[in-house]
Amino acid sequence: RTFFNTSCCCCESGGQFSSINAQVGSGSGTAYTVQGQGHITGVRVWHSGNLIQGFQLRFGDIWSDRAGLATGLIETFELWDDEVIVQVSGTWSHYINWIQFVTNRGRSLIAGLPSGQTFNMYPQHPKAELCTISGRYHGAITGFAAQWNVISDSNDNAGK
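Numbering (UniProt numbering), first residue to last: 1 to 160.
One should not assume that every hint holds.
Unchecked claim - Below 20 Å or equal to it, Euclidean Cα-Cα: the simulated EDC-like pairs (lysine to aspartate or glutamate) are:
1. 127 <-> 83
2. 127 <-> 65
3. 127 <-> 153
4. 127 <-> 82
Please keep in mind that the hints were generated in silico from the structure rather than gathered at the bench.
Hey, can you work out the whole structure from these sequences and the hints?
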């Protein structure tokens, strides 16, 4: 297996540190972007065998539009209060075969079956969290990229 660290850049956006990971996968098909307002509070992944079929993220109480297809098994992961996604790992060949979303509390959602080349995505800033996923799909997910940002919250306290 070949390991890719796909972190590529870090920039300041609106006073917050943001980083974007390069897309993995073949990248064929229709483009998707899943983003919302505030912190991610839930993740859904549809998968069948070693194919990741689709994604959906929840921001607050609102589920985003789905990226990809709602085919196969569905894994739903709800984040706890003060829990954020700090790493996304997986494998890919032409399609994304296996994916793992990891939180700052050590919990994770895992979907698919590992095969192909590995990838590991994480933020450049130590207080950043996953805020956007993007890529492409053609039948199943053929491309995946992650964007990270420091998301301010009116309830955050300075000593946290």
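Here's how the hints hold up against the structure:
{"no.": "1", "hint": "127 <-> 83", "verdict": "holds (12 Å)"}
{"no.": "2", "hint": "127 <-> 65", "verdict": "violated (27 Å)"}
{"no.": "3", "hint": "127 <-> 153", "verdict": "holds (12 Å)"}
{"no.": "4", "hint": "127 <-> 82", "verdict": "holds (12 Å)"}
Comparing the model with each numbered hint stated earlier shows that hint 2 is the single one that does not hold.
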